[in-house]
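**Student:** Protein chains in written order, with numbering that gives the first Met the number 0: chain A, 0 to 287; chain B, 0 to 208.
To be clear, the hints were calculated from the coordinates, so they are not data collected in a lab. Do not rely on the hints blindly, as some may be mistaken.
Stated by the list, open to error - According to the in silico footprint, chain B covers these stretches of chain A (three or more CB under 8 Å from chain B):
| # | segment |
| --- | --- |
| 1 | 8-18 |
| 2 | 44-58 |
To be verified - One side only, chain A facing chain B, incomplete, derived with CB under 7 Å:
| # | residue |
| --- | --- |
| 3 | 41 |
| 4 | 61 |
| 5 | 65 |
| 6 | 68 |
| 7 | 69 |
| 8 | 280 |
Every residue gets a Cβ at the ideal spot worked out from N, C-alpha and C, and that includes glycine.
Each chain, written out:
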Amino acid sequence: MTAPENHLDLAAAAALDEGLEVDDGLRAHAASCEECGRRLAAVRTTRALLSALPDETMPQAVVDRLHEALPREPVLTTIVPSGGRRRRWTSSPALAGIIAAAAALALVAAISIGSLRSSGHNSSGGAGAENGAATFPRVPSTNFPVLASGAKYNDNNARALVSSLDSLVRTPTSLAGGTTAQPGATQKDSVNSLSSQGPVPAKLRSLFGNRQELLACARLLAGGPVTPLAIDFSRFTGGQRHVRNAPAMIVLLPAVGGLRDSAFIVGPRCTTDPSQDFYLFVQAPARQ
Amino acid sequence: MSPPKLGARDGDAATDRALIAQHLAGDRDAFGELVRRHQDRLWRVALRTLGNPEDAADAVQDALVSAYRAAGAFRGDSAVTTWLHRIVVNACLDLVRRRSSRPATALDEGSIALPAADVFSPRETAQQVLDALRQLPIEQAAAVVLVDVEGFSVAETAAILEVPEGTVKSRCARARGRLAGLLGDLGPAGGNPPPDLPVQPDETRQEPE
Numbered sequence: 000m001t002a003p004e005n006h007l008d009l010a011a012a013a014a015l016d017e018g019l020e021v022d023d024g025l026r027a028h029a030a031s032c033e034e035c036g037r038r039l040a041a042v043r044t045t046r047a048l049l050s051a052l053p054d055e056t057m058p059q060a061v062v063d064r065l066h067e068a069l070p071r072e073p074v075l076t077t078i079v080p081s082g083g084r085r086r087r088w089t090s091s092p093a094l095a096g097i098i099a100a101a102a103a104l105a106l107v108a109a110i111s112i113g114s115l116r117s118s119g120h121n122s123s124g125g126a127g128a129e130n131g132a133a134t135f136p137r138v139p140s141t142n143f144p145v146l147a148s149g150a151k152y153n154d155n156n157a158r159a160l161v162s163s164l165d166s167l168v169r170t171p172t173s174l175a176g177g178t179t180a181q182p183g184a185t186q187k188d189s190v191n192s193l194s195s196q197g198p199v200p201a202k203l204r205s206l207f208g209n210r211q212e213l214l215a216c217a218r219l220l221a222g223g224p225v226t227p228l229a230i231d232f233s234r235f236t237g238g239q240r241h242v243r244n245a246p247a248m249i250v251l252l253p254a255v256g257g258l259r260d261s262a263f264i265v266g267p268r269c270t271t272d273p274s275q276d277f278y279l280f281v282q283a284p285a286r287q
Numbered sequence: 000m001s002p003p004k005l006g007a008r009d010g011d012a013a014t015d016r017a018l019i020a021q022h023l024a025g026d027r028d029a030f031g032e033l034v035r036r037h038q039d040r041l042w043r044v045a046l047r048t049l050g051n052p053e054d055a056a057d058a059v060q061d062a063l064v065s066a067y068r069a070a071g072a073f074r075g076d077s078a079v080t081t082w083l084h085r086i087v088v089n090a091c092l093d094l095v096r097r098r099s100s101r102p103a104t105a106l107d108e109g110s111i112a113l114p115a116a117d118v119f120s121p122r123e124t125a126q127q128v129l130d131a132l133r134q135l136p137i138e139q140a141a142a143v144v145l146v147d148v149e150g151f152s153v154a155e156t157a158a159i160l161e162v163p164e165g166t167v168k169s170r171c172a173r174a175r176g177r178l179a180g181l182l183g184d185l186g187p188a189g190g191n192p193p194p195d196l197p198v199q200p201d202e203t204r205q206e207p208e
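Pulled out of the complex, with its shape left as it was, chain B reads as follows (with noise of 0.2 Å):
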């Protein structure tokens, strides 16, 4: 297991607690340093929880707008990683909410094999495991994507998802179970969804938990 990806999360809070403040006070450039210090992981989140580039770099620009005009409301009562990353998670869900219908694709339950690692590069193994969670309920993907790809604690993720944490736990565990599903092959158990939490062959992203 690699080690979490903390990127701008290990950088100076107060740095970007400032940079908010020189934007608020008129600097134009110290909204786009503040950019600048996060745009890989607000990118990777979008895209990994989307699905696809254009739809990620959509929300990513309308979450950035928002923030830009909003700085006035950050509180300071989380890290500002902490508010740009749930104000990017909302505008990915508007975005699909929105469409009123996710991306259709051509996978069906327990169709992705687990591939052998003699078989598939680790490119092609990634590239399996982003199909899978395209497949995903985009309320579960915004969590695992956070927890288990982007290694927010689940309190973190909590705080930015604006949810309790058990809930958080529940989406991943569920997230999980599913992946879990698409990517392996288990026989005909274990592809198959429990009884309490049924896989209708429309649960798409649109439909909230």
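If we strip away everything but chain A, and leave its shape as in the complex, we get (with noise of 0.2 Å):
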């Protein structure tokens, strides 16, 4: 009979069972033992009393505790992850619309004298998004307004922005100060025609002459194929870890599924992780 050390132990059948290594010796040594053969059995027992444990509902106290806490939560424009204390846009109403109104202003100015640019990269509009279509184009293009606004982007002045950009790439008319559309072209003619100074952060240089890595980074922000509206090259300060001119590139996709226009602020990794390099949602206000 083998010596009992060299029986599986409870873990060591668990991790048969689950198909994970195990020592061959081991292995080939249980395949025949009595005693390793109910241990593996007591595991799957294990598995059986688990599966069997009785269905539960939750308890109607807490169904009502629940209905009664989520109504008193606003709808937020802008994410709030998990256990963070971001600053609402409502907490001080009075000095984040100074604030916001001025970074619009800040922003359409930069617009009106040219000083947004594009990549270079003509556009002839991108699919579903010159009449504020509530759906994803049928074949996203890379045809897109790609821009350096050179803004800088917060909590606060995110929402006015983002309000501008959308109205800049929505209605060619708001373009002002002889960046006036030509006649048959859209509106992202318009705004690729504008050149800048805008500055692009080091770290996005590469992404921003690539309309194809572009496009992959708005489809994993939208959650499927999408052309964007446009994105905006610039920097973001504030937010949950308090960055400081972090680079940042403004993605505005078009409304779906019952949603506004909305932009999601990340940095390079175009991700939506908040442990990562992922800013701010905002969704653009509704269109008149």
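Make the complex out of the two chains shown on their own, each in a separate frame, by following the hints.
**Tutor:** In structure tokens:
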């Protein structure tokens, strides 16, 4: 008989049962050992006992407590990561409004003087964007404006800036100061015709000219095939982790599934993981 | 063995996504409907991972309020149910880690005898299993509850826990080994931990793997 210390212990039996790596000698021994067989059986019995636990429903008291708690929570247009303490847009509405208005004016001014620039790729209009269609475009296109506004987005001004950006790409007449759309051109033609001296953060320069990568980024963020309305290369300041001057892309996506146009503000990794370089999600205001 | 308890997982995933979109569009009833579709399963996971209804209620509420707020972060690259379970399990982990100690029980390793069918009722047997689950480190408990109790696949559980599939398998195996020791009357060697998986007297749920 094999010495007891050579038997499968329960952890090894469970590992063998799960198909994990087990010492070859032990495995060979277990194949013909009655005691090891008992222990394997004990592990399988344990699995059976777990799967046989009775179904339970959420107690009504918990249901009531939950449904009482939820409606008190406002639907935010910005993401608050679990456990986060992000200052809300509404926590100081007057100050936030002033800052946002100033920032929005700065963005529009930047556009007006031609400080937005494209990456040199002319657009003939992203599918699904021109008329505010609330569906993903059938075929995602690399024809979308890529801008470098130089604006510094933060928690307080992001909504206003995104609204301005959305208006810019949605409404040709919003383009001011000598950037009038040419007859027959879409608004994005006009946006793309702008030149700019706006800086592109160094960490984003390789992305700035790579529309396939940008399209992949937009797809990742949207969770499906989509042509972004625009991508603005800029910086983000503030947020959950109080980043300063972080390189940021504002990926403006068209309305889909009942949502409004919305923007993800992300870093070079293009992720929605708040622990990495995801900064903010903002829905643009409803368009008139 | 009972069939997998799929519950809302068999439901219409598209409906779940539509409810998220409606919620984000300002429909105040949409999120409540989403909760109703998943609440029982989320409750079971929290209750069996944490071991007591008070903590489970706190964790589920924290989790669903977070989900309500952060619905805009849902990317759609996983099922809504996966996303919700992830948030609930994380709330359970957070709760246990915040407290830095798990609920104490009087049960020692090997002290829960596997009840004979003619001695204990199914209900009593279930209670013994639940008591044993409370003895596990929280990460192991979460994995084995998702896989063995709720019937999620290893891949789904890996997505929920945001760990590799191999880690899920390892955690489940460790959990089953511990549980078998707690529930089984296997003699002196049977209930002992292996040399490479020491059971510390203070091995409690706050310890990450």
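**Student:** If a hint holds in the structure, say so; if it does not, say that too.
**Tutor:** We went through each hint and held it up to the structure:
1. Interface restraint, the segment 8-18 of chain A with chain B: holds (10 residues with C-beta to C-beta distance below 8 Å; minimum three).
2. Closer than 8 Å: that is the beta-carbon criterion, and the segment 44-58 of chain A has 15 residues meeting it against chain B, so the requirement of 3 holds.
3. For residue 41(A), the interface hint holds, since its Cβ comes within 7 Å of a Cβ in chain B; the closest pair sits about 4 Å apart.
4. Restraint check, residue 61(A) versus chain B: the minimum CB separation of about 5 Å is within 7 Å; hint holds.
5. Given hint, residue 65(A) at the interface with chain B, holds; its Cβ is 6 Å from that chain's nearest Cβ, closer than 7 Å.
6. For residue 68(A), the interface hint holds, since its Cβ comes within 7 Å of a Cβ in chain B; the closest pair sits about 6 Å apart.
7. Hint on residue 69(A) holds. Least Cβ distance to chain B is approximately 6 Å, under the 7 Å limit.
8. Interface restraint check for residue 280(A): the shortest CB-CB distance to chain B comes to about 5 Å, inside 7 Å, so the restraint holds.
The earlier numbered hints are all upheld by this structure, with none contradicted.
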